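Trainee: Sequence:
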Amino acid sequence: MENSQIATTLLICAVVVGVVIYFQKKQKAKENLFKKDDIKPSNLKELSDKFKDDYFNEKLSDFALTKNINFEKVKEIYPKFQHTNLMAQIDWSTFTGRHKELEDIIKNWDKYQNLTILDRYIRFLKESYENELNSIKAKIKELK
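For the sequence shown, my numbering assigns the number 70 to the initial residue and increments by one for each residue that follows.
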């Protein structure tokens, strides 16, 4: 009878120790999730800048092709130009910011309310680049 009591006591102690270790590991993992060092700053500016370059390359490529303009002439006016057939886009899977950041930027822009915040932001960027893009196109036409 004493052996079974000792075995039962050891089993209960082992279970208690196991549970304590389990919860300590879980707590440690939770603490690691909330370290401030791991929080990355937003990369929205970099993504937007890359989108702008890609968008200008896309639109200027189309413009040069439709107007029969040599790509070298385009490059004279817009040195970053590289001919492309690809559509400009933002890879949102690499975005490290928050949606609130996007909402703050386009809060006074009431167009395309039925689209997602990501699609609205892209349309907002395209619209904000139109004047600069048209100015570059006009300079290219003058060179032709």
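Heads up, some of the hints might be wrong.
[What the hints assert, rightly or not] Subject to a maximum C-alpha distance of 20 Å in a straight line, what follows is the list of computed PhoX-like cross-link-like pairs (lysine-lysine):
1. Lys176 x Lys128
2. Lys144 x Lys94
3. Lys208 x Lys136
4. Lys206 x Lys195
5. Lys208 x Lys149
6. Lys114 x Lys149
7. Lys195 x Lys142
8. Lys128 x Lys195
9. Lys169 x Lys114
10. Lys97 x Lys206
11. Lys176 x Lys114
12. Lys208 x Lys114
Treat the hints as calculated values from the structure; they're not laboratory data. Bear in mind that the values here come from a model prediction, so they are computed numbers and not experimental data.
Trainee: Run every hint past the structure and note whether it holds.
Mentor: Okay, the hints, checked on the actual structure:
no.: 1; hint: Lys176 x Lys128; in the structure: 27 Å, violated
no.: 2; hint: Lys144 x Lys94; in the structure: 58 Å, violated
no.: 3; hint: Lys208 x Lys136; in the structure: 13 Å, holds
no.: 4; hint: Lys206 x Lys195; in the structure: 15 Å, holds
no.: 5; hint: Lys208 x Lys149; in the structure: 15 Å, holds
no.: 6; hint: Lys114 x Lys149; in the structure: 18 Å, holds
no.: 7; hint: Lys195 x Lys142; in the structure: 23 Å, violated
no.: 8; hint: Lys128 x Lys195; in the structure: 11 Å, holds
no.: 9; hint: Lys169 x Lys114; in the structure: 15 Å, holds
no.: 10; hint: Lys97 x Lys206; in the structure: 58 Å, violated
no.: 11; hint: Lys176 x Lys114; in the structure: 17 Å, holds
no.: 12; hint: Lys208 x Lys114; in the structure: 27 Å, violated
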